[in-house]
Amino acid sequence: MNSSSAEADRKRRFDRIVEVFYPDMYRYAAWLCRDKAIAEDVVQEALLRAWKSLDALRDDDAAKPWLLTIVRRENARYFERRRLETVDIDNLTAAQAALLAEAPDEELSELREAIFELDDDYREPLVLQVLMGYSTTEIGELMGLKQGAVLTRLHRARLKLKDNVAQEERS
Amino acid sequence: MNCEDYRQQIAADPAFDGGAGHLSECADCQAFRAEMRSLNVKIGQAMQIDVPELKVPELPTIDATNVVPLTASAPLSKPAWFAVAATVMLAAVIGVRMLGIGVSYDSLAEEVLAHLDHEPYSLRVSDTPVTSARLAKVVPANIAQPDHSAGLITYAQSCVINGKRVPHLVIQGERGPVTILLMPEEQVDMAESLDGENIHGVILPVGAGSIAIIGTREERLERIEKSVLNSVRWST
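Heads up: the protein sequence lines correspond to chains A and B, in order.
With this note's numbering, letter number 10 in the first sequence gets 10, and the count goes up by one each step, no holes.
With this note's numbering, letter number 76 in the second sequence gets 1076, and the count goes up by one each step, no holes.
Quick caveat, the hints were computed from the structure, so don't treat them as lab data.
By construction, the Cβ of each residue, glycine as well, lies at the ideal position given by its N, Cα and C atoms.
Among the hints, a few may not be true.
A few chain A residues that face chain B, going by a derived Cβ cut-off under 10 Å, partial list only [stated by the list, open to error]:
{"no.": "1", "residue": "Q44"}
{"no.": "2", "residue": "T152"}
{"no.": "3", "residue": "L161"}
To give an idea of the interface, some chain A residues facing chain B are shown, with a C-beta separation under 8 Å as derived from the structure [stated by the list, open to error]:
{"no.": "4", "residue": "V18"}
{"no.": "5", "residue": "Y22"}
{"no.": "6", "residue": "R27"}
{"no.": "7", "residue": "W31"}
{"no.": "8", "residue": "R49"}
{"no.": "9", "residue": "W51"}
{"no.": "10", "residue": "L99"}
{"no.": "11", "residue": "I115"}
{"no.": "12", "residue": "V130"}
{"no.": "13", "residue": "T136"}
{"no.": "14", "residue": "H155"}
{"no.": "15", "residue": "V165"}
Chain A on its own, in the form it takes in the complex (with noise of 0.2 Å):
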């Protein structure tokens, strides 16, 4: 095979998978990093990332988990980077607040806001289930924690959740 056939191919392949996963791409790296433009950012170093490493990518089947993987790791990257200060839910930027303005009725926008609020700890295997779909034990390998930890994370994300939505409901 040619050099430029080889990388024709090598493109092809690139973009079937990037245009099929760019969505979860972004709104995991949303729900990281809780702020739009940072999101963008992260998804561009994680495409450039998955291009270079494309090759090592064996099986398409497992590009959603390799992509995810990408991105959870440019985020930290970046985070790592930048040493950028924890969110404070009163005064955000205006890409912070761009993630919470978009919700189609109220009652969603509140929820948004709370799982928003939520520890990173708890948000982020909160998502993995509810958004890609993973089981506990891919977001244990995906984290590095036991099927327990997470079990017991997801537990006390939607109770914390479920409060939330209880006291709005109240007030």
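For chain A, the structure is supplied; the task is to place chain B on it using the hints.
Coordinates of chain B only, in the frame set by chain A:
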């Protein structure tokens, strides 16, 4: 299963379908399950944020014909380290300059650590060496000087670091796999320490290039450093 156990399960995973016996007799848990499932649907809706249009960044050119697929190596009948010893060659390979903009890392050290993150499967404890043919393909003999072994090489891949293709080898150290990246075109002024999660290492200046050596925290790298440095003579 009692109420507490059931509710923990269903709150951790609303799709949980165990505990049918308890559920059939407990109206409160039935209500709790319905509440959790309803909440879960709403959580999913709340997480569905709008996704901006895909903008693929400018992608660097990768020499796709030069990519070496990973294949399983057959075990050797002789002692593995002996067989490999004669084939250890440390070298420079074809540097393929990237076109366009790549991921910008603040330093070579950061790029090296990022690369390790993306090939975790290379860091396996193994007594199966790569074949001589594979090693020769990743570390071409016409560019490298064959030398004595620094250890049992269990992984060899041509990888891209800082836009250039470099040999990525893994040697079995005393406390686990040790990564060696041979970077003939990455000049560094002095030795630079590398620190990552549970790993440590160094980038050593070698002539006009450098070599990164990274092992587990417990690994004594000095022995491997000496061995690798003694074996490398850039031929470019």
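Go through the hint on L99 (chain A) and say holds or violated, using the shortest Cβ distance to chain B against 8 Å.
Given a least distance of 6 Å, the restraint on L99 (chain A) holds.
Holds or violated: the hint that T152 (chain A) contacts chain B, with Cβ atoms closer than 10 Å.
holds, 7 Å
Proposed interface contact between V18 (chain A) and chain B, which counts if any beta carbon pair is under 8 Å:
holds, 7 Å
Evaluation of the interface hint that places L161 (chain A) against chain B, nearest CB under 10 Å
holds, 7 Å
Interface hint outcome for W51 (chain A) [beta carbon to chain B under 8 Å]:
holds, 5 Å
Quick one, is the V165 (chain A) hint okay against chain B at 8 Å, beta carbons?
holds, 7 Å
Does W31 (chain A) meet its interface restraint, that is, does its C-beta lie within less than 8 Å of any C-beta in chain B?
holds, 6 Å
Do the numbers back the hint for R27 (chain A), that is, is its least Cβ distance to chain B under 8 Å?
This interface hint holds because 6 Å falls under the 8 Å limit.
Closer than 8 Å between Cβ atoms is the bar; does V130 (chain A) clear it against chain B? Give me holds or violated.
It holds, given that the least Cβ distance between V130 (chain A) and chain B is near 5 Å, below 8 Å.
Per the CB criterion, is R49 (chain A) less than 8 Å away from chain B?
At 6 Å from the nearest chain B Cβ, R49 (chain A) passes the 8 Å test, so the hint holds.
T136 (chain A) as chain B interface residue, shortest Cβ-Cβ below 8 Å
Holds: closest Cβ of chain B sits about 6 Å from T136 (chain A), inside 8 Å.
Does H155 (chain A) hold up as a contact with chain B if the rule is Cβ-Cβ below 8 Å?
holds, 4 Å
Violated hints for the displayed structure: none, as all numbered hints are satisfied.
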